[in-house]
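Protein chains in written order, with numbering that gives the first Met the number 0: chain A, 0 to 448; chain G, 0 to 448.
Read the hints as simulated data drawn from the structure, not as lab findings.
Treat each hint with caution, since some may be false.
[To be verified] Chain G regions said to be covered by chain A (calculated; three or more residues, Cβ under 8 Å):
| id | region |
| --- | --- |
| 1 | 177–187 |
| 2 | 285–293 |
| 3 | 411–425 |
[Stated by the list, open to error] With a straight-line Cα cutoff of 27 Å, these simulated DSSO-like cross-link-like pairs (lysine-lysine) come out:
| id | chain 1 | residue 1 | chain 2 | residue 2 |
| --- | --- | --- | --- | --- |
| 4 | A | K185 | G | K185 |
| 5 | A | K122 | A | K98 |
| 6 | A | K217 | A | K122 |
| 7 | G | K308 | A | K308 |
| 8 | G | K217 | A | K217 |
[As the list claims (entries may be wrong)] What follows is a list of derived Cβ distance ranges for each label pair:
| id | chain 1 | residue 1 | chain 2 | residue 2 | range |
| --- | --- | --- | --- | --- | --- |
| 9 | G | L6 | A | L271 | 19 to 29 Å |
| 10 | G | A443 | A | P127 | 28 to 38 Å |
| 11 | G | Q267 | A | A159 | 18 to 28 Å |
| 12 | G | Q102 | A | P127 | 44 to 54 Å |
All residues carry an ideal CB built from backbone N, CA and C; glycine is no exception.
Number of protein chains: 2
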Amino acid sequence: MYDPLLLPELREMLLENDARAMREFCEVFHAGVIAETLDALSNEEVWRVLSQSPLQRQVEIFEYFNLARQVELVTCLDKPHLSALLEVMAPDDRVDLIKNMDQAQVELLMPLIAQAERSDIRKLLSYPEHSAGSIMTTEYASLREDMTVLDALGQLRSQAPNRETIYYLYVLDDARHLHGFVSLRKLILARPETLVTEMMDRDVISVRVDEDQEVVAKKMARYDFIAMPVVDDQGRLVGIITHDDVLDVLQQEATEDVHRMGGVEPLQDAYLSTPFVTLAWKRGIWLVLLLVAGLGTAELLERFDETTKRFAWLVRFLPLVLASGGNAGSQSATLVIRALALGDMGRHVQYRILRREVATGMALGAVMASLAFCFALIDIPMLNASILAGAVALVVMLGTVNGTLLPMALRSLGMDPAIMSNPLIASLSDMLGVMIYYNLALFAVGNTL
Amino acid sequence: MYDPLLLPELREMLLENDARAMREFCEVFHAGVIAETLDALSNEEVWRVLSQSPLQRQVEIFEYFNLARQVELVTCLDKPHLSALLEVMAPDDRVDLIKNMDQAQVELLMPLIAQAERSDIRKLLSYPEHSAGSIMTTEYASLREDMTVLDALGQLRSQAPNRETIYYLYVLDDARHLHGFVSLRKLILARPETLVTEMMDRDVISVRVDEDQEVVAKKMARYDFIAMPVVDDQGRLVGIITHDDVLDVLQQEATEDVHRMGGVEPLQDAYLSTPFVTLAWKRGIWLVLLLVAGLGTAELLERFDETTKRFAWLVRFLPLVLASGGNAGSQSATLVIRALALGDMGRHVQYRILRREVATGMALGAVMASLAFCFALIDIPMLNASILAGAVALVVMLGTVNGTLLPMALRSLGMDPAIMSNPLIASLSDMLGVMIYYNLALFAVGNTL
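Just chain A, same shape as in the assembly (with noise of 0.2 Å):
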């Protein structure tokens, strides 16, 4: 497991450059580990000590680097290293860490791949962004009908050593049309002269190669996969999907969706990989569509300066009606987005949500009146609290209402429920918030201007 006293122990032994205590060094811990640990190195450094252990070895560990600090590793390697590395990667890693790198310089390591490898990459890059193509790997175990048992484990033992995973086996045709698939543990279990053809599940659950990898992942995690089957528009297996791929398209998708609610256009790559003006441009074009809102319930108040003149204390409570009802309508997006990410909701489900939402926006804006009034009275007559109480009432009601049936309208036309960000949310509730306020105030005091 890791440990802290690895890296002094690490950094002696390139002091002392003894490549024995290095290359064991290699061996003996998790790859992660050894990889979180060279981490706090110079790129030097994390070479001097990879380069003692055998290449199959420094790929394993490199490829638990992040994908950033791999693109600067490989800045300092020379061609022919970097090639050998890059022919033994497992292939989604490859095309990930390759998409990063300097297109200068991968045009010139080309080359030097091997063929195989090479036209591998290639098809692995023709696919689209966020497709399941683009996450699968090609390295898969698979078998024929005909065979035995005991033909089916001598064929993967020669497969193995170079597989991402052998705990499924897919029975393939000679046209490479995916016929059924056979778990690891059924074959182990199964007596050496049963035939393939006798004991495979013929249900295959499969993904075509252009889905999208978001339906993907939910469709792995609903059945608890380690690795589903991608075929093309023609059932030929083309490649697989492995459950690690999984847990990091989900987390992806779960960091989109809190990055727009939070009012920031999605970021590609980490926070701190992000550059400082991409990070400035995808915050700034919210905040400025929010700044025209904002000008849209100025150019509603100003109709109101009479009013604001003559019932100051309005003002007081302004930013508080406000608020109330950007906050429940912020709540009412919030659930409901992530309801909307989590489950695939019918119409049925989703008018289930809206009417429970209703009644919950009438009970809080119940309470919240309430509330209101009693603090309010403390500082203003009984007439001006009740407008508040009304107002409050109101703004909760609607802004509920809104942060309900905005996101659910979004989603209807196909687009992300999650861009009814909180910060859009209350810039909406701000406008509704103040034509509900004074006009409730005109109105209670008997007077339209």
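Model the placement of chain G on the given structure of chain A, informed by the hints.
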């Protein structure tokens, strides 16, 4: 794969009471697909179909129903059938179900369950909510060090049928101390006469039974494990956590964060499974807290009543100024909270984040102020527009700093940074905004009250 035509077929089988067809249906499809299709039927109908297949298969399918439906389904089973079902279920799924069942019913059932399973249930029930112990299963495959590969495969064949995963084999001594592990892949590839002790990995990454499930899930995600061993405080293996549980935990933790950020106390269950009163309460406590903050803002504004009356134009842009600060702050809080949730961030990294946020805040403040100035000039004189622009610049900058520092501060106090919800950041920003805006106005017109 899921087929919408399955349901009508199934209904016909039920109508014709076609036992053979129902048994076949339960055999040929993936258990997950069968559960999805059955989910549309009544409890009685589900059991009429499932009863046609052997108990083992019934359980496989049953485990794919969501927990709420499982609880409903067991209410209409007789005691012998239900206790048999529980005996066969995977230990972790079984305990989840039992926790959610009517406790009086559980007490009546327990005597019917075999002694070994019963003590397993009591044991798993004893681990606290959200601990590694509460999500682990006790069905793992194990080996002894002095076995040969051939012995190991033999033992595996006898253990496999009732082990949740056999893809990692844990090497234990007689007291169940965990000494190492062997992956099934390695075992398959090894020569039959090799001793387990020669080939096992000794650097086992494991978790303690009382560790938090979120920590466990993150560790498994980082090392791409299919299963993670769980040990007690004496290093004895007590269970394993499998990859599918990690997905559930990470989804659950992401949902909690999202809810907090939207100003809702995290729900324990899915939105529609949460009782109305609970839902209202989990929102209400935050709304009331935010209402109190709003009263604070009102208190501040009261001191500026005179200013409000003299400069009614100030009120027009008040929501805009307050919203700008709140929005910029929400963005920062969102980015920081998510970054903290995804990575382990030391002091050094937090300092880098803060520096970036200050720079971003200044850039965004300048842009927003310029835009607000230009737009406002249409309506109000140059001096007033300058006051507005100055206030916008300051609230955006301070909002950004607050949105960054407050989550970090909570974290360093050992609390969940996500408590700094968007609405809360906006409320704090409101108070600050009022102070800045009004004081700036008073200062600019050379007046103090």
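Next on the checklist: Just to be careful, I want the Cα atoms of K185/A and K185/G compared with a cutoff of 27 Å; is the pair within it?
Outcome noted: 17 Å, holds
Can the restraint linking K217/G and K217/A be considered satisfied, given a maximum Cα separation of 27 Å? Within the cut-off at roughly 19 Å; holds.
K122/A and K98/A were given as a pair; does the straight-line alpha-carbon distance stay at or below 27 Å? 13 Å, holds
| request: Confirm or reject the claim that Q102/G and P127/A have a C-beta distance inside 44 to 54 Å. | output: 52 Å, holds
(request) Check, residue by residue, whether the region 411–425 of chain G contains three or more positions whose beta-carbon lies closer than 8 Å to a beta-carbon of chain A, and give the verdict. (result) Coverage by chain A holds here, the residue count being 3 at a Cβ distance below 8 Å.
**Request:** Kindly confirm whether 18 to 28 Å is satisfied by the beta carbon distance between Q267/G and A159/A.
**Result:** Cβ of Q267/G to Cβ of A159/A: about 43 Å, so the range 18 to 28 Å is violated.
Margin query: Three residues or more, CB to CB closer than 8 Å: is that satisfied between the region 285–293 of chain G and chain A?
Written below: holds (count 7)
**Prompt:** Does the hinted range 19 to 29 Å hold for L6/G and L271/A at CB?
**Reply:** 49 Å, violated
**Request:** Sort out whether K308/A lies within 27 Å of K308/G, counting only the CA atoms.
**Result:** 5 Å, holds
Hint consistency between K217/A and K122/A [alpha-carbon to alpha-carbon, up to 27 Å]: 25 Å, holds
Checklist entry - Are at least 3 residues of the region 177–187 of chain G within less than 8 Å of chain A when you compare beta carbons? => result holds (count 3)
Exercise. Range hint 28 to 38 Å: satisfied by the CB atoms of A443/G and P127/A?
Worked result: Given about 54 Å between the Cβ atoms, the range is violated.
Hints 9, 10, 11 from the earlier list are contradicted by this structure; the remaining hints agree with it.
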